[in-house]
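J.: Position chain C against the provided structure of chain E, taking the given hints into account.
2 protein chains.
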Amino acid sequence: MEEKEISRAVIKRLPRYYRYLGELLENGMERISSNELSDRMQVTASQIRQDLNNFGGFGQQGYGYNVKYLYHEIGRILGLDKTYNMIIIGSGHLGQALANYVKFEKRGFRIIGMFDNNPALKGKRVRGIEIQMIEELDSFLKEHTIHIATLTLPKAGAEEVTGHLVDGGVKAIWNFAHTDLEVPADIIVENVHLSESLMQLSYNITRHDRERE
Amino acid sequence: MEEKEISRAVIKRLPRYYRYLGELLENGMERISSNELSDRMQVTASQIRQDLNNFGGFGQQGYGYNVKYLYHEIGRILGLDKTYNMIIIGSGHLGQALANYVKFEKRGFRIIGMFDNNPALKGKRVRGIEIQMIEELDSFLKEHTIHIATLTLPKAGAEEVTGHLVDGGVKAIWNFAHTDLEVPADIIVENVHLSESLMQLSYNITRHDRERE
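The listed protein sequences correspond, in order, to chains E and C.
Residue 1 is where the first sequence starts when you use this note's numbering, and the numbers rise one by one after that.
Residue 1001 is where the second sequence starts when you use this note's numbering, and the numbers rise one by one after that.
Keep in mind that the hints were calculated from the coordinates and are not lab data.
Some clues are possibly wrong.
Where chain C lies over chain E, by a calculated footprint (3+ residues, C-beta under 8 Å) [what the hints assert, rightly or not]:
(1) 13 to 21
(2) 172 to 178
(3) 195 to 201
The structure displayed is predicted, hence computed values, not measured ones.
Positions of the beta carbon are idealized from the N, C-alpha and C atoms, including for glycine.
Same shape as in the complex, but just chain E (with noise of 0.2 Å):
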């Protein structure tokens, strides 16, 4: 299957897909049509189709879309069919928020490690998962396979942990850390940067404030 030329966009919207696809299946649905689709998610029943069709399809003319089928096909287009090793590096509030949200785990994505430089956390657990000074991270990441780090700690700590994890072997960051980081472009960087989400926010706050005067 030809995956290579899929937009950012279509991707975005998966796991959106693979969220609802899941609560019809929860709910005992066994086939949708794109249109009742459509109304649920708020997008075009031929938006649907589109984004569908760059993975060949799934839907059936008359019938629609199994909902059990389509809910596989979509986690496994987004590799949910597998398990990634985590590790959480940066353990203060945000790192174990993170590391006690179970439901990344029954996804696959299992927090092995977790690291941090504050001499008070080590040895505390989270979940199970013991923290760990960072002076342990080379050793660590050479016994084991790491997929994803996640950064959940300041700007200055994690462009200085980034080569420590490039020369680690590890291929994929999830970086919640305040600043872009700069890696070797076969690592994969996914950005949750919350203090942006927030100025999106009180940018229409302001843009509607200014509308209603």
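T.: Relative to chain E, chain C alone:
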């Protein structure tokens, strides 16, 4: 100034400009050419000029941009020259992590209330903010002007509480719950779907792996 027709893509880039300009300011830089800014940000110079032209330009031929001025102007466009009263609903790990994030406060996002339905959290303080029970929300909204409600609670709770927020006059929701909230047209919702971000990461890992095969 006409700001209505500005695309969502531009709005998404503005906080990033703001971040880079803030870093330049911290480093004592007074002016920067669009080419130099382009190099640092890995965005083409023409993209930068085009983006900023949406708001009237700011650049001067042969001089470039005045860093401080541009920083403040973008801050103003983003609504960061104002103060927002914020509440956090769902005071578990993620809610507490956000409450502990002092940078939001510095940018003008003042957290003035936290809520939860877990009696074990009642009266607990996070950075001085007392966690109240969700039953107290309606009366709290009567006594305070709340600009932003942050939802860090499970889906079902988020959907239920949204009606109370709307009735209580809240106009903007920062939604971390794994659902698309149904709100009247004048309510602004900014979503942070962490699971979906993680799925984009696993999609990209899977795609890379396929390409390497």
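J.: Now, for every hint given, state plainly whether the structure supports it.
T.: Each hint, compared with the structure:
| no. | hint | in the structure |
| --- | --- | --- |
| 1 | 13 to 21 | holds (count 5) |
| 2 | 172 to 178 | holds (count 3) |
| 3 | 195 to 201 | holds (count 7) |
In this structure, none of the earlier numbered hints is contradicted; all agree with it.
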